[in-house]
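Engineer: Position chain B against the provided structure of chain A, taking the given hints into account.
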Amino acid sequence: MRKALVVVTLVSLVAFALQFVFAAVGAFTKPASEGAYALHSVTGMAVIPVLILLTTLFAVLAKAPGRLIGLAILPLGLVVLQALIAMLANASTDTAGASTPFGLAIGGLHALNGIIAVHVVVSVHQAARRLADPTPAGASAVVGEREPA
Amino acid sequence: MTTGSLVVADLVIAVLATAGWLGGGAASAARRRRLALGLAVGALLATVARAVTITALARAGWWFAAEKVLVAAPLSLAGVLVAGPRLLRPRGDIRSAAVPLLFAGYAGSGALLVTVLHGYPVSAGAGLLAVAGVVTATAVSWRALDARPSRGLSRAALVVAVAALLTGTGLAVAPGAAPAVHDHDYREARAVGEPTRRFTLTAGTATVRVGGRDAAAWAFNAQVPGPELTATVGDVLAVTLRNRDIGRGVTLHWHGYDVPNGQDGVPGVTQAAVLPGQEFVYRFRADQAGTYWYHTHAVSDVGVRMGLYGVLVVRPAPVTGVDVTVPVHTLAGRALPTPRTEPVEAGVPVRLRLVNTDSTTHRYALAGTPFRVAAIDGSDLRGPTPLVDTAVLIPAGGRYDLVFTAPATPVALFVDGRAVWSTGAVSTATGGWPSLEPLSYGVAAAVPWARFDKEFTLVLDRGLDLRGLLPRYAHTVNGAADPDIPPQLVRRGDVVRFRIVNRSLVVHPWHLHGHHVLVLSRNGAPATGSPLWLDSFDVRPGDVWEVAFAADNPGVWANHCHNLPHADAGMTLHLMYG
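Read top to bottom, the protein sequences are chains A and B. Quick note: the first sequence, position 28, residue 28 per the working numbering, numbers continuous. Quick note: the second sequence, position 429, residue 429 per the working numbering, numbers continuous.
Isolated chain A (complex conformation):
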């Protein structure tokens, strides 16, 4: 179960990396349109939440410490917040539908919150690896090179 936890956290990490790629796809698609962010939306609102729930479930089943379980579920809150930030940023336009400085400032928080979420997922992954292979701290370099099963 602990190995499964490591695997699912790694998959989450990959999904988060792809999420940044999909954001770039949306930003660079010409002509610009809402549809350009379809991949980003689906990954963010369906794939990632499912992975977070799986991670939490595996953490509970693996009898991980409460701190790790809390850390595993935390990205779910950040993802909900992320969707709300996107909604607010899209809604903060002037009467003719053009973006406003306020809306763009809110939109900036979307990027910052994304960075925070990735850091949390990285911490979860590292904690999961430590849990799967509790080697003393001095041997951490060896742990770092090993592929998770």
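Hints listed in this document are in silico derivations from the structure and should not be mistaken for laboratory results. Just so it is clear, CB atoms sit at the ideal spot from N, CA and C, and this is done for glycine as well. Among the clues, some could well be false.
Covered by chain B, per the in silico footprint, the following chain A stretches (three or more residues, Cβ under 8 Å) [stated by the list, open to error]: (1) 27-33; (2) 63-76; (3) 80-92; (4) 96-108.
Structural biologist: Just chain B now, kept in the frame of chain A:
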């Protein structure tokens, strides 16, 4: 503060309160006493602030506050009652405050999810599901924090969670209102006489030149916009629609033209979509003068965006002076029409027919001359006064006719700051101009009805729609999404008043087929200007519009948001004559 910004402020405060409680809970679990207390006090203050925003929203209209009063307030209160006393007893192990603080956070999250995913109207099912979630999350946290609850408490929590989950699910999946009954016996066109104006529109894929580049488009007669159809009042139009290769089908909807139901061009409601190789002939009498447009109503979001639209102008008499149509559209990310400059002699009367064929509002500014708004959505205004340095905001699907007498100096029309039509070089910055308020423009007249036979309220929102094959985050009307929104039933001869409330965070340009509605009031303030007979109007976030119409055109009529992606995502219902 407008109701729209109140809705946003309330949402932001709710998020802050929830984040504060959850953060405080996590901090106390990690024995960070000061951080935990600080976050909890912040959350408490935000919760108190929310009492103010919820009260203000309830005063603006129950629709804006319903679920906040009935679900969020009790949950937040429970959170404060459980977490608050722990804050007043700061001594002892701060870790013991973790569960109460997390409970308050889960209660806040549950309420937030009810607002964002469910909205209006409140349902006991959604409320109970939120309670089940809160109790379960609290129980799980309690166990995870190794501060196991007593047996009795554990059992009580289990019973409450299971009961709430079962009842909530039962209520949520219980069959709601009967789905809309669509009229499939497409009505025959009533006898309109021998056609005097004949047109043929052939829909097909095409490559068109826009902004100096080739773009893939769907076009009528290989041009975007399609041919401009013109007629004089009294003409009988016969328009043959052919589909060459648009696989998903096409139709013609006469936007703003109150044609007989069988000619309205809504696939699956007034006719079947015209598939490749097929044709359909639309016949109707041109008895309304004014500026209108036509577009496909089959896969309308994609179809219109790709270019299946054109202008329909019906004139009361032959043109005198200069008469220009300006259909604004965004094709493949580029703005249409191509800018045009034509010198106009001083003293010549000019009429600019502005059409917005996009899904979002555009801002039009006429620089270099005073002008009047002669008509909106095809209907002449009463006593329009001259305007200077004023912009007009045209909703998706809307039309404004601007008239002026050409001065000796150049004049230019700007759309969102881009010059699209001019008589010479004009370099005026129009960005700072105020926008026209149509509800107080022109001379008032009495409302033609003394009583209303029917009343409807449409509350626009977003919500999770689980009735389809795949769950979707739909644009909803009264908590349901197409095709599950019950139709509005009227009888011929009824005078119908309907109210449109926008609870969501985005603009919804509302469009009723087959009828023009008279604007009665917006946000409680009665319309004081010329009577406004509209077919497309922007209901902004937090707005409450009251409009009325005479049910004088029998049939089944689409009644939808003209931001076509929204219509596609559920915001479509039907008006039916019984």
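Engineer: Failing hints, ascending?
Structural biologist: Per hint list: zero violations.
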